[in-house]
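Colleague: One letter stands for each residue in the lines below.
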Amino acid sequence: MSKPDDTKLIERCIEGDRQAFETLLIQYEKPVFNAAYRMLNNKEDASDVTQTVFLKVYENFDSFDPSRRFFSWVYRITLNESINVLGKQKRLEPLQHEPADDGKSPEQEVASAELSAEIQAALMTVKTDYRTVVILKHFLGCSYMEISEVLEIPEKTVKSRLYSARQMLKDALTRSGT
Amino acid sequence: MTIEQKYIDLINADIDGEIEHADKGGLDAFLAENEEGRAMHAELVTLCGSIEAIEAISPPPHLRHVIVNSVKPTPAKTESPGVLEMLFASPALKYSGTFAAGVLLTLSIVSSDQISNQAFDDITGLVGTISDPISGNLVNSIAVDNAQIAGKVSLRSTGSMLILDFDLVANRPVEIEAEYADRTIWFNGFAQLESSGTTISAKSGSVTLGMEGKRRYAVYLQNGGERSVTVNLRFVAGGEVVHEASLKYEPEE
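Chains as they are written, first to last, in this note's numbering: chain A, 34 to 211; chain B, 11 to 263.
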């Protein structure tokens, strides 16, 4: 998950090397944006969260615990920032799905967008504690151990939440007729 | 018949590729003789396959520049956050809270002889007409992705008001000229999220803004005739044009 040279890049970032920061940004921008998007179901909010995450990372490099892996720190900030945004949104209006545009044929695009929309809609019905586990596992490709590290919960809890989340997703998709 | 929790866990672990070697044989034997177990395994394989088939979405192209241009040259030490940092930390913060400050700042910056229209002199009218600046409908927007300046400029409309909404980051002083050839369009106000940092001057047919760093601000144009309007934007850094774009408004029939 974490690239072996992340530690060196972080050391350079602490010394004020912007190029090193850009390298980390290039590596993690897409997963951070996608994690935020799957949490929030809104591209603008996901962009805002991505900006906030990297600004926080940059400003707090010197407090980064080198015994942890960089990805677990970044993903944890991402999920926490997304949860903060969700908390603010709860007072406003229901989330609306934004279809992704990924350059496929019209037929593929429709089928893929429908499936993506249905799964995303189902994901949004799952409580955030469970949604975070699904995002880390299926969208960011983390192992049980890595999820445990990001969320700072035991692996046993990771498994239990993941299995329950899948059941919730299955139920939501069944209710929607998928 | 229900499936024992032990086998539910094993089925999930198998799908995740995290089953212990020692447990794999036991699961296979269970699945070989349990139809319900096989059905559950198949359902979960389909579900997980569908989730993982969803392609990752690319972030907006300008986002990386926005982030890079937003960070300070060296990492900040343990200082308590200032007002601006707190504002930056809340991207969703609306303009309205700082609108009055924006209006006052504008009044202090824009000299009255630069304004060709009297609407701007009426402060009460200005505040009254722009009670909720963010609620304008999005007409269109452009992304700016340049080494000197990056971000987004959107054109919004509400009634006879057009709003140019700037969300930009510049790593050096940049001047932005917004030119609208139609002289019946009036500059009618300015608001910004930050309490300072953006300068503005207006004359008939154009507005010029100066900025550096991360800035969010809006320029209000009165389109009394509700006509088609094209706003031409020119971004100038170090005396050179670094980006040009246009935003167009077409009134609904």
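Incorrect hints may have been included.
[As the list claims (entries may be wrong)] Think about it this way: if two alpha-carbon atoms lie no more than 25 Å apart in a straight line, the pair counts; the simulated DMTMM-like pairs of lysine to aspartate or glutamate are:
id, chain 1, residue 1, chain 2, residue 2
1, A, K203, B, D155
2, B, K258, B, E236
3, A, K192, B, E62
4, A, K189, B, D26
5, B, K162, A, E188
6, A, K192, B, D175
7, A, K76, B, E46
8, A, K63, B, E236
9, A, K189, B, E260
10, A, K160, B, D155
11, A, K76, B, E236
12, A, K160, B, E62
13, A, K189, B, E236
14, A, K192, B, E236
15, A, K192, B, D38
16, A, K203, B, E46
17, A, K63, B, E46
18, A, K63, B, E30
19, A, K203, B, E62
20, A, K189, B, E65
21, A, K160, B, E43
22, A, K203, B, E236
23, A, K192, B, E250
24, A, K41, B, E43
25, A, K189, B, D175
26, A, K160, B, D38
27, B, K34, A, D81
28, A, K160, B, E65
29, A, K76, B, D24
30, A, K192, B, D155
31, A, K203, B, D175
32, A, K189, B, E30
33, A, K203, B, E65
34, B, K16, A, D81
35, B, K16, A, E77
36, A, K76, B, E62
37, A, K160, B, E236
38, B, K162, A, D81
39, A, K189, B, D155
40, A, K63, B, D38
Hints listed in this document are in silico derivations from the structure and should not be mistaken for laboratory results.
Colleague: Next, verify each hint and record whether it holds.
Modeller: Going down the list of hints, with the structure as the test:
no., hint, in the structure
1, K203(A) with D155(B), "41 Å, violated"
2, K258(B) with E236(B), "13 Å, holds"
3, K192(A) with E62(B), "18 Å, holds"
4, K189(A) with D26(B), "14 Å, holds"
5, K162(B) with E188(A), "42 Å, violated"
6, K192(A) with D175(B), "46 Å, violated"
7, K76(A) with E46(B), "40 Å, violated"
8, K63(A) with E236(B), "41 Å, violated"
9, K189(A) with E260(B), "58 Å, violated"
10, K160(A) with D155(B), "36 Å, violated"
11, K76(A) with E236(B), "31 Å, violated"
12, K160(A) with E62(B), "20 Å, holds"
13, K189(A) with E236(B), "63 Å, violated"
14, K192(A) with E236(B), "59 Å, violated"
15, K192(A) with D38(B), "20 Å, holds"
16, K203(A) with E46(B), "16 Å, holds"
17, K63(A) with E46(B), "39 Å, violated"
18, K63(A) with E30(B), "32 Å, violated"
19, K203(A) with E62(B), "15 Å, holds"
20, K189(A) with E65(B), "29 Å, violated"
21, K160(A) with E43(B), "35 Å, violated"
22, K203(A) with E236(B), "51 Å, violated"
23, K192(A) with E250(B), "57 Å, violated"
24, K41(A) with E43(B), "53 Å, violated"
25, K189(A) with D175(B), "48 Å, violated"
26, K160(A) with D38(B), "32 Å, violated"
27, K34(B) with D81(A), "44 Å, violated"
28, K160(A) with E65(B), "23 Å, holds"
29, K76(A) with D24(B), "33 Å, violated"
30, K192(A) with D155(B), "42 Å, violated"
31, K203(A) with D175(B), "42 Å, violated"
32, K189(A) with E30(B), "14 Å, holds"
33, K203(A) with E65(B), "20 Å, holds"
34, K16(B) with D81(A), "42 Å, violated"
35, K16(B) with E77(A), "42 Å, violated"
36, K76(A) with E62(B), "19 Å, holds"
37, K160(A) with E236(B), "46 Å, violated"
38, K162(B) with D81(A), "12 Å, holds"
39, K189(A) with D155(B), "45 Å, violated"
40, K63(A) with D38(B), "38 Å, violated"
Checked against the numbered hints above, the structure breaks hints 1, 5, 6, 7, 8, 9, 10, 11, 13, 14, 17, 18, 20, 21, 22, 23, 24, 25, 26, 27, 29, 30, 31, 34, 35, 37, 39 and 40 and satisfies the rest.
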